[in-house]
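Between the sequences and the hints, there should be enough to build the whole structure, so can you do that?
In order, the protein sequence lines correspond to chains A and B.
Per my numbering, the very first residue in the first sequence carries number 1; after that it's consecutive.
Per my numbering, the very first residue in the second sequence carries number 1001; after that it's consecutive.
Warning: the hint list may mix true and false statements.
What the hints assert, rightly or not - Cβ-to-Cβ under 8 Å is the rule here; a few derived chain A residues that face chain B:
{"hint": "1", "residue": "L109"}
{"hint": "2", "residue": "E113"}
{"hint": "3", "residue": "I184"}
{"hint": "4", "residue": "S187"}
{"hint": "5", "residue": "V191"}
Claimed, not checked - Computed footprint of chain B on chain A; a stretch qualifies when at least three of its residues, placed anywhere within it, have a C-beta under 8 Å from a C-beta of chain B:
{"hint": "6", "region": "152 to 165"}
{"hint": "7", "region": "391 to 399"}
I should point out that these hints are in silico values taken from the structure, not numbers from a laboratory.
Cβ atoms here follow ideal geometry from the backbone N, Cα and C, with glycine treated the same way.
Next come the chains, spelled out residue by residue.
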Amino acid sequence: EINCVVWMGINIFLFVWFYFFYDLGDQFFYTRHLLGSALAWARAPAAVLNFNCLLILLPVCRNLLSLLRGSFVCCGRTMRKQLDKNLSFHKLVAYMIGLMTAVHMIAHLLNVEWYNNSRQGIYDKLSTALSNLEDSGNNTYLNPIRKTDIQIPTYFVFTTIAGLTGVIITLALILIITSSMEVIRRSYFEVFWYTHHLFVIFFAGLVFHGAGRIVRSQTKTDPPHNFTLCKDRSDEWGRIPECPIPQFAGGFPQTWMWVIGPMILYLCERLLRFIRYMQAVRYRKIVMRPSKVLELQLVKNGFKMEVGQYVFLNCPAISQLEWHPFTMTSAPEEDFFSIHIRSAGDWTDKLIDIVQHLPEGAQGPKMGVDGPFGTASEDVFDYEVSMLVGAGIGVTPFASILKSIWYKFKDSNPKLRTRKIYFYWLCRETHAFEWFADLLQVLEKEMEERGMADFLTYKLYLTKWDQSHATHVRVHSDEDTDVVTGLKQKTYYGRPAWDKEFEQVRKENPTSVVGTFLCGPEALGTVLEKKCVKYSDVDPRKTKFYFNKENF
Amino acid sequence: MGKIEWAMWANEQALASGLILLTGGIVGVAGQFRGWQFAAYAVAAGVFVCLLEYPRSKRSKGTSVERSGQYCFTVCVKAFGPLTRNYYVRAFLHAAICVPGGFMLATVLGCVCLGIASLIYLVAAIRGEHWEPILPRKEVRKPITESIKNPPQNPPPRPPAEIRRKRVDDLEGAAYDNPISVTDNE
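Here it is as structure tokens:
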């Protein structure tokens, strides 16, 4: 993944750059005398932390991301893939923050201890002299520990802005991390979600963390104080012209400049989600499909969708906090949007349960809808001939696509160049997808009525079958419709022989450009891509296959 | 959603605290900090807490996910019986362990984190949770089904081997009478 390489590269660059900035910079010579390389070891991770704290809020701004970049069309599998990618990056950045916090903290532990010792006069003459520099009159201090009577580093840490905020935000970070472990997140979502909001404290503390300006560097004086000359003559500082008392100043706090942008963006994101949540969503129709699949047809003011997009649903009656993604199964030409919800866990089971107990014709439970997400690819309408392959749950967006193609055809929409579709549906069993078979049946009938029986050719491949299955099929093999799906076209068993399929498409379309779209496992994508290359002819007048890798 | 088992979070928090305590202790000892004795204690305490908290408890509802290689630790922790089973004990133990960490900067964070873990364990204990070892499931032999009727105790009746051996030299004499009449399956 190119993103990861770029990100790692930037991290390494920042670390190395700032390490040498603090380890070699002349203005830090005296500071280094007190702290050694622990100064650089604290400041380098700080730079990496600035960068990563900027990044961490961005992958979770889903509305923003959807607006900005043209992301991939999301279908069952790759919707999860895209969401997973965002979350994976968020987690990666979080781990880096955790790691860098540890390094930063350990380095500062050393720094505080050594500053404290310097102040006590334990080290050499120069250290003591430097530490004695006071913040009075025209002078400035170097060692941030000003008191000598209280010797405990802990006291110092808890009485400075940097120390106090540092401890608080590290604590917040630790609590966030422990409650985000997979075990906790998957089983006790509330604990995870509520604790995660400690990030507010984290960012607030982070912004003020540098306000105390305790990392100090030497400033220019007039006449200048040359440390090479003067470092061994600390008793004479201020008394000889070449060595005036050295002056120091704290670094300007920079973290807020890194994180203020993403903080505002995230605030906008939450605001947008809330506004969307408040918008009224009306149920146009609620249908229970076979195998406990719930179809919801919803209407929302101003809602515009494109093929293959997905939405997030929130149902306060089930859980105030959870938002769940679902691919839409309706076409943009329809005046509502629909989702088919399978029983797949606590939330979906509860929703199906609530809906089943509704009186006839009543509105469903209040539902918040966020989205749509994922920009559609219009490419699917561009090809004269399309091969659409849907595997397992990946078949869901094809409901949207097939319906849209058919609507466009009926309306003679000029955007539609498709004249022939080959649809391959691969699944282990049709359980929970009977609604899709029904859809194919409806389309099949409509196309026959228009004399367009050849427009859509579809093949269903059941990849999981056993002896009783085969026997059942054998007994009914003479019937007109398929015994499994009730469709006119028969069901196949096992996986498709792609060579045969591509041969057939090529034979039936000797001069066309064929677009191949997949929604399913990557391994299958690799296979299809190879076949596309194999069966494409160099001769431009003959059949050419294009595999659309990015779209589904 | 499932009933919230606070002990699961307390366990994650306590394990993290053990590591933080250990790290702080190592830094304190290696850097020869003032009060390094507290750091040395923190190293020992951190290791102890990690060992105690590494084996996850079995969940009362739902599938439990083991940490890799935790079986050995599970056995050790289980050996202490009610001391490790009861979360009140753990809550007070962690509260006691964390106190010396507060006396030194390097271990203060570990101290606070362990204190928080102790509080969560207290909540878990009040709600009646307790630690259950995750043990490998014993294979339960399926009882032999009734469909296998009593197999025959005796072999089918047939003459002794000598006579059954084919006597090619004397085919006439090789023939014998079956003790049970053989009829065609008509």
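Here is how each hint holds up against the structure:
This hint holds: L109(A) has a C-beta 5 Å from the nearest C-beta of chain B, less than the 8 Å allowed. Evaluation of the E113(A) hint against chain B yields a held restraint, the C-beta minimum of about 5 Å falling below 8 Å. Contact between I184(A) and chain B, as hinted, is supported at the beta carbon level, the nearest pair being about 5 Å apart and thus within 8 Å. About 6 Å separates the beta-carbon of S187(A) from the nearest beta-carbon of chain B, less than 8 Å, and the hint is met.
Hint status for V191(A): holds, given a least beta-carbon distance of 6 Å to chain B, under 8 Å. For the region 152 to 165 of chain A, the assignment as covered by chain B holds, since 4 residues bring a beta-carbon within under 8 Å of that chain's beta-carbons and 3 suffice. With 0 residues having a beta carbon nearer than 8 Å to a beta carbon of chain B, the region 391 to 399 of chain A misses the requirement of three or more and the stated coverage is violated.
The structure fails to meet hint 7 from the earlier list, while all remaining hints are met.
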